[in-house]
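Enquirer: Sequence:
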Amino acid sequence: MQINVTFRHMEHSNELKDYIQDRFSRLKKYSDSPMNVNVVLTAEKFRKTAEVVITGDGIRAAAKQEHDDLRAAVDLVLDKIERQLKKFREKVKSRRTSAQNVAPAPPLTAQEAEEGDQDQVITIQKINPKPMSIEEAADQLQITGKGFLAFINAETNRVNVIYWRKDGGLGLLEP
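Residue numbers (numbering that gives the first Met the number 0): 0 to 174.
What the hints contain is simulated information worked out from the structure, not anything from laboratory work. Think of the CB as a built atom: it goes at the ideal place given N, C-alpha and C, for glycine as much as any other residue. Among the clues, some could well be false.
[Claimed, not checked] With a straight-line cut-off of 30 angstroms between C-alpha atoms, the simulated DSS-like cross-links for lysine-lysine are:
hint	residue 1	residue 2
1	Lys28	Lys79
2	Lys145	Lys86
3	Lys16	Lys129
4	Lys28	Lys145
5	Lys44	Lys28
[To be verified] What follows is a list of derived Cβ distance ranges for each label pair:
hint	residue 1	residue 2	range
6	Asp68	Ile123	55 to 63 angstroms
7	His66	Val160	25 to 33 angstroms
8	Ile123	Phe6	55 to 63 angstroms
Work the whole structure out from these sequences, hints included.
Expert: Laid out in structure tokens, this is it:
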């Protein structure tokens, strides 16, 4: 895990940098892949801000926290990041177990194979779209690694589809 600490509008402190590296080293347990942790500490007149962005293999978590004491802000932002990483890990685990529960399609009979020359649907996959925001759907799409995701838009209560475009961006289909 690579931890980058940036100080803005304040003196560089090795003691604070060591404190941050010690506290953030416990995030290793949430991912086996290497993660980049960018910590930006900002000091203004009466408020201190800690902002953290973590990126890794399919992981992106960000949090920002303000407090009078910089160490307290670091601790609070670390708690936020840990909650996000726990939630991400649980989603990945639930996806793995649900993927293992899918039964394979039964083999075709001779008659079905002969009829196979006609236009037919090869696989039918029933989905149960869940209500979520567009941002949550984009996160789910990244987690699953699939080409698209159908979901119920929490704002409009209608079924939407979010998908990967050829240029690498995301597209959204709304009825």
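Enquirer: All the hints need checking, so say for each whether the structure fits it.
Expert: Here's how the hints hold up against the structure:
1. The hinted pair formed by Lys28 and Lys79 meets the criterion: a straight-line CA distance of about 16 angstroms does not exceed 30 angstroms.
2. About 20 angstroms separates the Cα atoms of Lys145 and Lys86, which keeps this hinted pair within 30 angstroms; it holds.
3. Annotation: proposed proximity of Lys16 to Lys129 is violated, straight-line Cα distance about 42 angstroms (limit 30 angstroms).
4. At most 30 angstroms may separate the alpha-carbon atoms for a hinted pair to count; Lys28 and Lys145 meet this at roughly 26 angstroms.
5. Between Lys44 and Lys28 the CA atoms are separated by roughly 36 angstroms; this puts the pair beyond 30 angstroms, and the hint is violated.
6. Restraint check, Asp68 to Ile123: a C-beta distance of roughly 58 angstroms satisfies the suggested window 55 to 63 angstroms.
7. Remark: the range hint 25 to 33 angstroms for His66 to Val160 is contradicted by a beta-carbon distance near 41 angstroms.
8. In this structure, Ile123 and Phe6 meet the distance hint of 55 to 63 angstroms, their C-beta atoms being roughly 57 angstroms apart.
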